[in-house]
Amino acid sequence: MPGLLEIKNLSKSFDATKVINDFSMEVTEGTLCCLVGPNGAGKTTTMDLVTGRIKPTSGAILFAGEDITAKHEHVIARAGIGRKFQVPAVLKNLTVRQNLEVAYSRQTNPFWNLFKFHKAGLKEKLDEIATLAGLTTRLGEQAGILSHGETQWLEIGMVLMQEPRLLLMDEPIAGMTEGEIEKTARIFKDLQKTATLIVVEHDMGFVREIADVVTVMHMGSMLAQGSLQEIEANPRVRDVYLGEKEAA
Amino acid sequence: MDFTRRRLLTTAAAASAAAIAMPNIMTSDKAYAAPLKKGEPIKVGLLFSLTGALAVPEEDSTLALQYAFEEINKNGGVGGVPVEPVIVDAKSDFGVYSEKTKELILREKVTALFGCYTSASRKAILPTVMQRNHLLYYPTCYEGAECTQNTICTGPLANQHSQDLIPFMVEKFGKKVFFVGSNYVWPKESNKNAKIWLEKAGGELLGEEYIPLGSSEFGPVLNKIRDAKPDFIFSTVVGASDIAFHKQFKQEGFKVDTMPIASLTTGEIETRAMGAEFGAGHFLSAPYFQSLDNPTNQKFVENFLKSKYGKNGVTHYNMEETYLTAYVFKAGFEKAAAAVGFENVTPRAIRDHSGGVRVEDAVSPEGLVWIDENNFNTWLKPKIGQCQADGTFKIVKAAEKHVAPDPYSIYPDAGVCTKDGLKAPDGKVRTNVI
Amino acid sequence: MGNLYHNKTAQWLVYTAFFLGLAVIPSFVSDDFLLNQLATYGVYGMLALSISLCWGFGGILNLGQGIAFGLGAYGMAMTMQMQSQTESNPIPPFMLNNSLDQLPWFWEPFSNTAAGLILSIAVPTLFCAIFGGVMFRARVSGPFFAIMTLAMLSAFYTIILDRQPYTGGVNGITPPSPLQLGGFEIDPYSSTAYWIVLAILVTATVVAKLITQSSFGLVTQAIRDDAERVRFLGYSVAGYETAIYTISGAIAAFAGCCLVMLVQYVSPAQLDVGFSLSMVIWAAIGGRLSLLGAMCGAFLIQGAQSYLGDAFLATWLLILGGFFIVVVRFLPNGLASLLESALGLLATKPKTPAAETNGDAKPLPAE
Amino acid sequence: MDLGSLLNALILGLSIASIWLIAALGLTIIYGAAGVINMAHGEFIMLGAYSSYMLQYYLGLPYLLCIPASFVIVGAVGLALERGLIRYLYNRPLDTLLATYGVSLVLMQGVRLIFGSDPKYLAAPEIFSSNISLGFASISSFRVVILLVTALCVLGVWLLFYKTRFGVQVRAVMQNKEMAASFGINSSRVYMMTFALGAGLAGVAGSLFGVLAIVLPTMGASYVVQAFLMVVTGGGSLAGTVVASGVTGELQSIFAFFTNDTFARFVIFVLIVVFLRFRPQGLFAQAGARR
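Protein chains in written order, with my numbering: chain A, 0 to 247; chain B, 55 to 488; chain C, 935 to 1301; chain D, 134 to 424.
These are computed hints drawn from the structure, not numbers from a lab.
There could be a bad hint or two in this list.
Below, computed lysine-lysine pairings styled on DSS-like, alpha-carbon distance capped at 25 Å [said to hold, decoys possible]: (1) B:Lys128 / B:Lys389; (2) B:Lys249 / B:Lys92; (3) B:Lys92 / B:Lys246; (4) A:Lys188 / C:Lys942; (5) A:Lys7 / A:Lys17; (6) B:Lys451 / B:Lys309; (7) B:Lys360 / B:Lys448; (8) A:Lys70 / C:Lys942; (9) A:Lys17 / A:Lys91; (10) C:Lys942 / A:Lys91; (11) D:Lys310 / A:Lys91; (12) B:Lys229 / B:Lys163; (13) B:Lys455 / B:Lys128; (14) B:Lys389 / B:Lys365; (15) A:Lys7 / C:Lys942; (16) B:Lys451 / B:Lys477; (17) A:Lys122 / C:Lys942; (18) B:Lys389 / B:Lys360.
Computed from the model, here is a short list of chain A residues facing chain C with C-beta under 8 Å [stated by the list, open to error]: (19) Thr68; (20) His73; (21) Ala76; (22) Arg82; (23) Gln85; (24) Leu90; (25) Lys91; (26) Leu93; (27) Val101; (28) Gln106; (29) Lys118; (30) Glu162.
Note that the coordinates shown come from a computational prediction; the quantities given were computed from them, not determined experimentally.
All C-beta atoms, glycine included, are put in the ideal place defined by N, C-alpha and C.
Construct the complete structure from the given sequences, taking the supplied hints into account.
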């Protein structure tokens, strides 16, 4: 059975610099895959490529067997890929409730939405997600005044409101407290029952806790892939990581 | 406002019922000017722009009219009653022209309007003036091709303006001419007339170019003129563009003595703004110049510049034409009052009695003029002046006889403008043709 | 945050009161001039409304609203002009003067009043849909889109000025008699004309208000906030932007028709850059985030221009410009936001969060 | 049509291009470096013309000295404006557009109150009122002056931005304000200086246009839309504006040669819109991050 997401020989250059270099990866449905690698390895660029924010120079991306290479962002999102950004991107001037409501994007056609004032199933879903994200008391606030952690939760909440088949989480736990990190791990594990996740993370502790599969990127290419134990035992990964740490 | 809720509802209901029953409440029979009373001043509206792009010429128009009415009031007023000008600012905005017209007619209930410098603003206010059967004095040259029963014009029409200028220039400088104008109606219509005179004089048209209104880039046009090598240029460029045109003419190396510009617009004001060095040597056709040598004009220039209205230090054709409207109004009003009685004078009555009224040599700085009995434009004598090094104009030719205004001179098929409307060749008469 | 300002019911009540107030004016005002003037303000209100919808709720600053407005106005003027042409006199006089002896093809449909009226709205709306569609697909946004609309406006202005035989050039079109509808002549100074304008204004406002409260409105507000983010939620940003730009253009086209009905005149000045910028000023001063606020801004500025303008003859533009700067600098959401803060201070205990919805406004009626 | 006329049209196109370029140069700097859409740019040009007029009329300063003096005066006005208003609006680009439109209303009406609404006369040395003839081609000497001053200004700006420490700072701030701040660059000061510089360049343009055309309170309005189009088409960079002005200037001259001026303008407006449809980022986009 082919993976839910297949990345085949993906390359991306900006001017003369190759940021992604012949990168291939496959994510099986129902797994939680962690994407790790030193800064500049091309993790976020890969996310950008998958979600259509930038177009690849060559290569193909398949989602559920369908070619989504270089499609528009909204088309890819509608196909079932949700994304949380590295720098939390919420709609700062709208209320928390409105943020979640917008993210509930079952109907995306502008003309239908002109005549829609109540969305079926919204209330239940919104209550559920708000409770999950711990934002029930903050629903009326402007998203712009939330703390960093709350903003992270709101964005995670938004992605969940989208009900995607594949979730891309770019550094979801940055700025969270210990307790929150634990909660996030719990939620991710929960989500895995219904969806597939790719999580970009630096925190190896967190990765250890959640990952089914770990993919290591370096200089725009795949360095290693496998279970956490395999990765930790891989000498090349060690070199790269240690070299990186010393340089920094 | 004090009212009970019930009353409000009933009035609202009654009003809407009335409105639905008679959507066309008003007709032109209603009198829209205040009933005149002997001893009370006659209100007239002065509708010019005092701010914005049109303020340059129109502020002078307001000043000239204020001066004229002060002079008239000092000498006994109109029909024995002083005139009270109501001055508004049209802000160079056609929407405001329209709004102010309504305000003057409907609220101030003036007896006549004096206003506008451009055809566009005139066209913006004419619907109101015509619908209210009111009266507009339009004091500037224009293209004609209009026949309404509610306007009187004292400026030269396109057919009067260039009648002498073109033959004069052809005779003096040569047959080949290039037409340059601003890109709008008046220059194009003026050029159509000019072509007729040019053909009669045996001249040859080498090219015709129109510049966007307000544009100051004359490079391409001057290049075309350089290639065409005409003997003179006939210009209907207006406003700020006109000044840029004269400046660039000289900067591009054109020589005024071999290829002068014969203009319908470049008067004393424009020359001063561009600097006399750029204006000197060019020609202008107009019914009036500040330098006209007659006692009435000398007195007019002296008194006007001395008065508080003469702050801009110059008199020019447009001001003088505006000044004349006050006297045309006086004559028309008095004639109407004699015919129907002072209290019964309406704007329309003034207009109907204005046919043939004269402003005599003793009053008119440009000399005797009178209003045509059919089309209510003005019989006048166009003159040609040449700009001197000091920015004044030297009269080089004055028409022998008065030239008749003919708004449809180049459109004989359209008909003839009569007192009651445009009489088409098939005999049908249409009112208010604009 | 139990701010009454954000209460939907309160908003609708104030809107209703405002329009009821406007509706009864003709019953006590017998001044033809005032009625006509108020109707004209209604047209300006419509324009401010359209800007508020597009800019306040969609985040699209449109400096070229004069295009839709002007095209609507020209359509109406052409319709009215053709009403006064007869069998024996089939061509508008200004065309004869420009040596046209046949009616141009694109004037033909305007001989039929119904077709003319439909075209007056349809053409500008279609233009907005196409222009907006093309621009938004190319992801032209923010200040760039503003400049593009400005360029397009200048292009229209130039071409209307240049094609004198078909458009009347700078003199524009002056239909000699008022609009005839179903055998009735609509006197521009009558309460009928006033109510027609008011009815269109009310309809436009209600439609706009409903749009802002619909799911569509929520998405456009999200786009205003961060268009990039909204794409990843699955919405076609270009589609939404085009739609709201087009709806706003259609309202402006209605305004253009109404204006010509009231003043019987159209000229390229309707497409002047300065006029389109004043629409933005009205909305900005009144409060672009509030439909009613923007409308009141138009009433306020135009009223002041009419009644204070002459008193402060020379300094009027100075005052207007200065006032505008102060509003932009200190009150970016306009005068309506003053009321919002005032009511915010009054609000005591937080109500149920359900009461809060979009950031629409509720300024007091001007009277 | 003969070749000589076409050549003349091409030479004239160069001159038109230089006029557009000098009008847009200040705007480019202000937009490119600070991201401010300055709607008052036209009024800065107008102020330049009026300062030259004032210096000449009241102090009798020779025209060629009026040009740098206008640079200083209008630059100072720009500086004051930046300190008093613009600096509070840097993160609100649409609001700067609106606020500067308010400024333009105030400046226009202010000048009208002081100097009246009638046009003023700005004299240039007699030598500029002639033309230079190169056989079949001919151009007015004043147009050559404009061309030279424009070239000088562009060169100056280029040197300043690419060869000096200040230029490095400006470009650093353009790229990333926070990063630049961490290197000790005072971005507030950089913005202030670029704004003043841009305003000063508008002043230079004004003192040239005053001689070429007319000195009026409303004179700036006709330049601002065109100048914007140059900047946007060019993508906000110096090279972009130079190329955009060059191409549109030539195009305008050639279209005007074959058709007429009004139509030439229309075609150019439409071409620019079409061009930006396919290259919304302009000719040469800024390297600065958009997000």
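These are the hints, each one checked on the structure:
1. B:Lys128 / B:Lys389: Holds, at roughly 20 Å.
2. B:Lys249 / B:Lys92: violated, 51 Å
3. B:Lys92 / B:Lys246: violated, 48 Å
4. A:Lys188 / C:Lys942: Violated. Lys188 of chain A to Lys942 of chain C sits at ~40 Å, over the 25 Å cutoff.
5. A:Lys7 / A:Lys17: holds, 16 Å
6. B:Lys451 / B:Lys309: holds, 22 Å
7. B:Lys360 / B:Lys448: holds, 23 Å
8. A:Lys70 / C:Lys942: Outside the cut-off at roughly 39 Å; violated.
9. A:Lys17 / A:Lys91: violated, 34 Å
10. C:Lys942 / A:Lys91: holds, 22 Å
11. D:Lys310 / A:Lys91: holds, 22 Å
12. B:Lys229 / B:Lys163: violated, 53 Å
13. B:Lys455 / B:Lys128: This hinted pair is violated, its Cα atoms lying about 33 Å apart.
14. B:Lys389 / B:Lys365: violated, 34 Å
15. A:Lys7 / C:Lys942: violated, 51 Å
16. B:Lys451 / B:Lys477: violated, 35 Å
17. A:Lys122 / C:Lys942: holds, 18 Å
18. B:Lys389 / B:Lys360: violated, 32 Å
19. Thr68: At 17 Å from the nearest chain C Cβ, Thr68 of chain A fails the 8 Å test, so the hint is violated.
20. His73: holds, 5 Å
21. Ala76: holds, 4 Å
22. Arg82: holds, 5 Å
23. Gln85: violated, 13 Å
24. Leu90: Leu90 of chain A check passes; min Cβ-Cβ to chain C is 4 Å, inside 8 Å.
25. Lys91: It holds, given that the least Cβ distance between Lys91 of chain A and chain C is near 6 Å, below 8 Å.
26. Leu93: Where the cut-off is 8 Å and the nearest Cβ of chain C is about 6 Å from Leu93 of chain A, the hint holds.
27. Val101: holds, 4 Å
28. Gln106: Interface hint status for Gln106 of chain A: holds (7 Å vs cutoff 8 Å).
29. Lys118: holds, 6 Å
30. Glu162: Hint violated; Glu162 of chain A Cβ to chain C Cβ min 10 Å, cut 8 Å.
Hint violations for this structure: numbers 2, 3, 4, 8, 9, 12, 13, 14, 15, 16, 18, 19, 23, 30, all remaining hints satisfied.
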